[in-house]
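**Student:** Each chain is listed here by its residues.
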Amino acid sequence: MIMKTVNTVGIVGYGAYIPMNRLRASEVNRVWGGSGTPIEEKSVTAMDEDAVTIAVECARYAVKRGKIAPKDIGAVYVGTESKPYAVKPCGTIVAESIGATPNVMAADYEFACKAGTEAFQTCIGLVSSGMVRYAMAIGADTAQGRPADALEYTAACGGAAYIFGRKPDRTIADLEGSYSFVTDTPDFWRRGREMYPRHGSRFTGEPAYFHHVISAAKGLMEELGTEPGDFTYAVFHQPNTKFPIKAARTIGFGMDAIKPGLVVPFVGNTYAGSTLLGLAATLDVASPGDRILAVSYGSGAGSDAFSFIVQDEIANNPRLDPPVSVFINRKRYIDYSLYSKLRGKFIK
Amino acid sequence: MSVPRYWRETRYRYRLIGEMCTECGAIFFPRRAVCLKCGSVELEEYKLKEIGTVATWTTIRNPPEGYEKYAPYIVALVELDDGVMVLTQVVDIEPEEMKTGMRVEAAFRKVKEDGSSGIIEYGFKFRPIIE
Ligand SMILES: [Zn+2]
Chain E
1 MIMKTVNTVG IVGYGAYIPM NRLRASEVNR VWGGSGTPIE EKSVTAMDED AVTIAVECAR
61 YAVKRGKIAP KDIGAVYVGT ESKPYAVKPC GTIVAESIGA TPNVMAADYE FACKAGTEAF
121 QTCIGLVSSG MVRYAMAIGA DTAQGRPADA LEYTAACGGA AYIFGRKPDR TIADLEGSYS
181 FVTDTPDFWR RGREMYPRHG SRFTGEPAYF HHVISAAKGL MEELGTEPGD FTYAVFHQPN
241 TKFPIKAART IGFGMDAIKP GLVVPFVGNT YAGSTLLGLA ATLDVASPGD RILAVSYGSG
301 AGSDAFSFIV QDEIANNPRL DPPVSVFINR KRYIDYSLYS KLRGKFIK
Chain A
349 MSVPRYWRET RYRYRLIGEM CTECGAIFFP RRAVCLKCGS VELEEYKLKE IGTVATWTTI
409 RNPPEGYEKY APYIVALVEL DDGVMVLTQV VDIEPEEMKT GMRVEAAFRK VKEDGSSGII
469 EYGFKFRPII E
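Residue numbers (the working numbering), protein chains in the order written: chain E, 1 to 348; chain A, 349 to 479.
For the record, the hints were derived by calculation from the structure and aren't laboratory data.
Heads up, a few of these hints could be off.
To be verified - Have a look at the derived ranges for each label pair, beta carbon to beta carbon:
hint, chain 1, residue 1, chain 2, residue 2, range
1, E, Val326, A, Pro443, 20 to 26 Å
2, E, Gly252, A, Pro443, 50 to 56 Å
3, A, Arg380, E, Lys259, 51 to 57 Å
4, A, Asp429, E, Gly252, 47 to 53 Å
5, E, Asn29, A, Gly414, 33 to 39 Å
What the hints assert, rightly or not - Below, computed lysine-lysine pairings styled on DSS-like, alpha-carbon distance capped at 25 Å:
hint, chain 1, residue 1, chain 2, residue 2
6, E, Lys88, A, Lys458
7, E, Lys71, A, Lys395
8, A, Lys417, E, Lys331
9, E, Lys167, E, Lys67
10, A, Lys460, E, Lys83
11, E, Lys246, E, Lys259
Here the structure is a predicted model, which is why all the values come from computation and not from measurement.
All C-beta atoms in this analysis are idealised placements derived from N, C-alpha and C, irrespective of residue type, glycine included.
Make the full structure from the sequences, and use the hints.
**Tutor:** Here's what the structure looks like:
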């Protein structure tokens, strides 16, 4: 069933961050003799970056953009599968760094790549009910793939943060409705203490990604009484370049609708950050009145679909945070040796 | 750094908060109990500017214990736009690209890790301005 709010809830501010190192798919091929190019290149953290530093950077930009007092943020939720601590929340570090402590809820969400949108829904509920004035949802990851595995080409680093608020507070995009589709599907997993995930290879496509993404998107559109033509833009979770394009076409979206948010060819799959980064890149170019569909996918498995309607406020304020395109273009290529050092594959 | 000491300084290090002497206006970062300029103990919290200019810098190739995996890295004296000098790392740039007078902004990074089981220290470094 569609999830709607009691009061009108919208995005008040958002911010993105992508580390500047890039590893080309061709470099992975050079080392391992492969020939695949599921994407052009992926982002890689510097030695002193992790999911927490990425989350903090996004959060700081979101606060700047939202022009709100950090003390008014009543919840900070971080969706990630690359927590630097197994036990100790990322959310407290983010909340402290932006100055939202101590009267704030803080926790981390884990649902593979859809942990960020799971945090969206919690924040939306908290804000709609009036329990908090503002709530922040972040998706940030520094995903790793086993050397030579298909995931090594795409597993990337980055994230985005969103602050939700309630009308009459200024919102730049209002939530029309949300729809979740979740089943127990073991397409991808990582056990405790294991460094790399395992996946069901071909199993990751049809019964996993496509089934959940398409079901969530169609379920939401049906309940809203909308068709693809009613949406200016659409964002689908981006594990590689092919999947979101195929999902879009199956549902009935053209390239024009998904292109602004299709960041994966030059960033890679930022896991919990993926759909959130795509939505940020789309908001960067959106105009008042535009309707945006955003659909995440998390292995395990499930999809959350959202419909946002862009408000006049998006045009009113000169932005104080860099758009996603700036982060995509801010890059430094690294070779496989430096990549191995940065990702902790050498023991000194 | 011990866990209690790290924890006491957390919010100042995370948010670039120093102290200003209410008697003479001198600003300090890290914080001090006594003003180095006039000796007053009347100091209040002061939020530092997060943007500044590189005054001088050097590349560290033989780092002190605990910083080995970050080498080589750049350490600089940055004059913030409120006139405060901070000793900081500069990241997201190669040594050959560094220039005195270049503009930099605060970036939130890992500073040090206490092995694989201890706490992770976070704090500010600086980077070329992203715009
Ligand atoms: Zn003084």
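**Student:** Between Lys246 of chain E and Lys259 of chain E, does the CA-CA distance stay at or below 25 Å?
**Tutor:** Roughly 13 Å between the alpha carbons, so the hint for Lys246 of chain E and Lys259 of chain E holds.
**Student:** Does the alpha-carbon distance linking Lys417 of chain A and Lys331 of chain E stay inside the 25 Å limit?
**Tutor:** Holds, because 22 Å separates the two Cα atoms, which is no more than 25 Å.
**Student:** For a C-alpha distance cap of 25 Å, please report whether Lys460 of chain A and Lys83 of chain E respect it.
**Tutor:** 16 Å, holds
**Student:** Hey, Lys88 of chain E versus Lys458 of chain A, does the alpha-carbon distance stay inside 25 Å?
**Tutor:** Between Lys88 of chain E and Lys458 of chain A the Cα gap is close to 16 Å, so the pair holds against 25 Å.
**Student:** For the hint 20 to 26 Å, verify it against the beta carbon of Val326 of chain E and that of Pro443 of chain A.
**Tutor:** Cβ of Val326 of chain E to Cβ of Pro443 of chain A: about 24 Å, so the range 20 to 26 Å holds.
**Student:** Check the following: the C-beta atoms of Arg380 of chain A and Lys259 of chain E are separated by a distance inside 51 to 57 Å.
**Tutor:** Check passed, 54 Å falls within 51 to 57 Å.
**Student:** Could you grab the alpha-carbon distance between Lys167 of chain E and Lys67 of chain E and see if it respects the 25 Å cut-off?
**Tutor:** 15 Å, holds
**Student:** Indicate whether the distance between the beta carbons of Asp429 of chain A and Gly252 of chain E respects the range 47 to 53 Å.
**Tutor:** 51 Å Cβ-Cβ, so the 47 to 53 Å window holds.
**Student:** May I ask you to test the hint 33 to 39 Å on the CB atoms belonging to Asn29 of chain E and Gly414 of chain A?
**Tutor:** 37 Å, holds
**Student:** Can you confirm whether the C-alpha distance between Lys71 of chain E and Lys395 of chain A stays at or below 25 Å?
**Tutor:** 16 Å, holds
**Student:** Could one say that the CB atoms of Gly252 of chain E and Pro443 of chain A fall in the range 50 to 56 Å?
**Tutor:** 52 Å, holds
When each numbered hint is compared with the structure, no violation occurs for any of them.
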